[in-house]
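Given next are the chains, with one letter for each unit.
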Amino acid sequence: MSIADHQPEEFVKIMLEIKDLHASVDGKPILKGLDLTMGPGEVHAIMGPNGSGKSTLSYVIAGRDGYEVTEGSILFNGRDLMEMEPDERAGEGLFLAFQYPVEIPGVSTMNFLKTSLNAIRAYRGEDELDAMEFLKFVREQTATLNITDELLKRAVNVGFSGGEKKRNEVLQMAVLRPSLAVLDETDSGLDVDALKIVGEGVTGLRSPERSMLVITHYQRLLDYVIPDRVHVLADGRIVASGDADLARELEEKGYAGFSKAAA
Amino acid sequence: MAVTQETVQTVQEVEKYKYGFVTDIDTDTAPKGLNEDIIRFISARKEEPQWLLDWRLKAYAHWLTMEEPDWAKVGYPPIDYQDAYYYSAPKSAEDGPESLDDVDPELLATYEKLGIPLHEQEVLAGVKNVAVDAVFDSVSVATTFKETLAAHGVIFCSISEAVKDHPELVKEYLGSVVPYSDNFFATLNCAVFTDGSFVYIPKGVRCPMELSTYFRINAANTGQFERTLIIADEGSYVSYLEGCTAPMRDENQLHAAVVELVAHKDAEIKYSTVQNWYPGDENGVGGIYNFVTKRGACRGDDSKISWTQVETGSAITWKYPSCILQGDRSVGEFYSIAITNNFQQADTGTKMIHLGKDTKSRIISKGISAGKSQATYRGLVKMMPNASGARNYSQCDSLLIGSECGAHTVPYIESRNRSAQVEHEATTSKISDDQLFYCRQRGIGEEEAVALIVNGFCREVLQELPMEFAVEAQKLVGISLEGSVG
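Chains as they are written, first to last, in our numbering: chain A, 1 to 263; chain B, 1 to 486.
These are calculated hints, taken from the structure and not from any lab test. As the structure is a computational prediction, the values presented were derived from the model and not from experiment. Built from N, CA and C at the ideal position, the CB exists for glycine as well. It is possible that some hints are incorrect.
The following label-pair restraints were derived from C-beta to C-beta distances [as the list claims (entries may be wrong)]:
#	chain 1	residue 1	chain 2	residue 2	range
1	A	Thr148	B	Leu169	49 to 59 Å
2	A	Thr148	B	Glu446	25 to 35 Å
3	B	Gly483	A	Val192	46 to 56 Å
4	B	Gly483	A	Asp35	34 to 44 Å
5	A	Asp26	B	Ile413	40 to 50 Å
6	A	Ser241	B	Glu446	33 to 43 Å
7	A	Asp223	B	Thr428	44 to 54 Å
8	B	Gly402	A	Asp223	40 to 50 Å
9	A	Glu85	B	Gly406	24 to 34 Å
Simulated pairs of lysine to any residue, SDA-like, Cα-Cα distance not exceeding 20 Å [what the hints assert, rightly or not]:
#	chain 1	residue 1	chain 2	residue 2
10	A	Lys165	B	Ser432
11	B	Lys430	A	Arg64
12	A	Lys54	A	Met82
13	B	Lys351	B	Ser388
14	B	Lys430	A	Pro105
15	A	Lys196	A	Tyr224
16	A	Lys54	A	Asp26
17	B	Lys430	A	Glu103
18	A	Lys114	B	Gly445
19	B	Lys475	A	Thr115
20	B	Lys430	A	Asp65
21	B	Lys430	B	Ile479
22	B	Lys32	B	Gln82
23	A	Lys114	B	Glu447
24	B	Lys475	A	Asn111
25	A	Lys153	B	Arg459
All chains should be built: construct the whole structure from the sequences, respecting the hints.
In structure tokens:
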């Protein structure tokens, strides 16, 4: 009997396992030996100064072109992410909330959501939802995020305010129900009210089956989304890890000490 | 069997005709080449009256004096007009494939993607045994349509039938919008046109149905020189859908059609086209040369003509659906999507000629180029001295996919009236990596993502199409761009 036939309990409990990850952009090394392990339902925060490699990490996980992995591995639910196209990773349950959500002129938000959900359902061998089923399902999600039908009719992110764009990201997460959500600076560009709506929206999506990797510069989003673990990223490596208190400590003392430690 | 007998009989009858050929005639094809005798042969086969034959011959004589235009931004080897067949009767059922199993699987895959029902697939592919059924079927469908239409006084038939049954209408309007001397390809069409559609909507009648499905089935056998004439009498309305939504593997290279529209006072004609002729393969081999002249005359006050086109096929497209706005307050519209991929070339646009007072025109053109293709928008807006208060708005957007294609915008504006207003906007953009990655992160595959983004880019035009057509057109956009990324 091989290992694959009978996996030990501990193995199943790992949702994301990043080992010694090195990645370059345009030949320039950005990630330099990053390790990270997350279990199902856990919320981890990655904090770090500008240029520490936070966004690179999110793009590498999602599989963006131009982000070249030179060493190391990423296993997602035991499967090698590096072998998969970005859309396959999404089908496997990976979701990235973008720091700068992209505009798609002429494509209504509703149509985009439906195309996306049905593509993922098709990947998983599930039936597509018809228009009525889909509408009902989306309306259940929009209520808590304060998203109107009018917004759903508008072209994806075109003319959206900063708050609307981020709420739209959270709506997509709610509709697609990923098992791992990477939130890349989701708090950036939000005023206090918008931060509250987004923060509560994200917290509402916490579940034992869903892990979240919250990438942020500031601690403020973590007032709403309380992390199980906090990691400090500096110069392409995790240089410190701790519980939620570490985030508050960073807020007070800044990253200076950690950046030096990495150097 | 009956079909064969009929063909033989017809040929025998033709041979008796004094201008008919007695030698070297295949059962259903005229000899290669173009001369007066060929034109007489076509006219005779169609049992046309003398005036129409005279008109054809006049056009032919004029054509001999003309030179093929070379101003369009398209390149192709010289066409030998003597090395082509100008009359070929629809192939008999005997030549068709035995069943769908014998049809090119690539063709069937495309039908499948377009969601064309199986039965219709068989008709389009010309399957032998089924075709007889299907022809029978379509005849009965056509008859049902004709009865409904006849109850409203609408005439909808082939132009050959119209020549026989409504000669006075054909004589009055044929060549009245696109005269026989108009341009090289239109003049050639006048000389050798074989068939096409004829529509007449009487005064005050709103045509009770979109004139579409019947034509679509019929289009499978339409020849390379179609001639279409649509007349909307005072206060009438008609929406006409032209084209085939599946690729037609046509051996003939040259397709030179003419479409004439006439809208009288308070009448409206909406003419939609989805053109998906064979574009050639990915190396640019084969494909249709689509040289088409389409023009509408808004003859009466407050009339309106609206052209909507989705051009995805053909190796070369040369086409400028135009409006002559004669009546005061008449309106011309042109909504266009032109997609080129691989080695396709499209030079397309419109002409809006403002003659009447307070006439309005609106041009929305969306060009998408991929592969090594070239797409040109070429448009003329002309304000004549009497067109006081006339207005035009033009918007030409180009989208590039990849780095080896080209998009060109050539607007011509002539204004001879100080009170006329002309506005022109143009943009050129590329599908960004950001957009593609965003879609793919949401689980949408690369080709589907391109189709989604391009459909968004084209939305303003797609929404002008009748609902049923719009769905097919959206799918076609995706299919046309397959293989354009990655």
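Quick one: which hint numbers does this structure break? Sort them smallest to largest.
As far as the earlier hints go, not one is violated by this structure.
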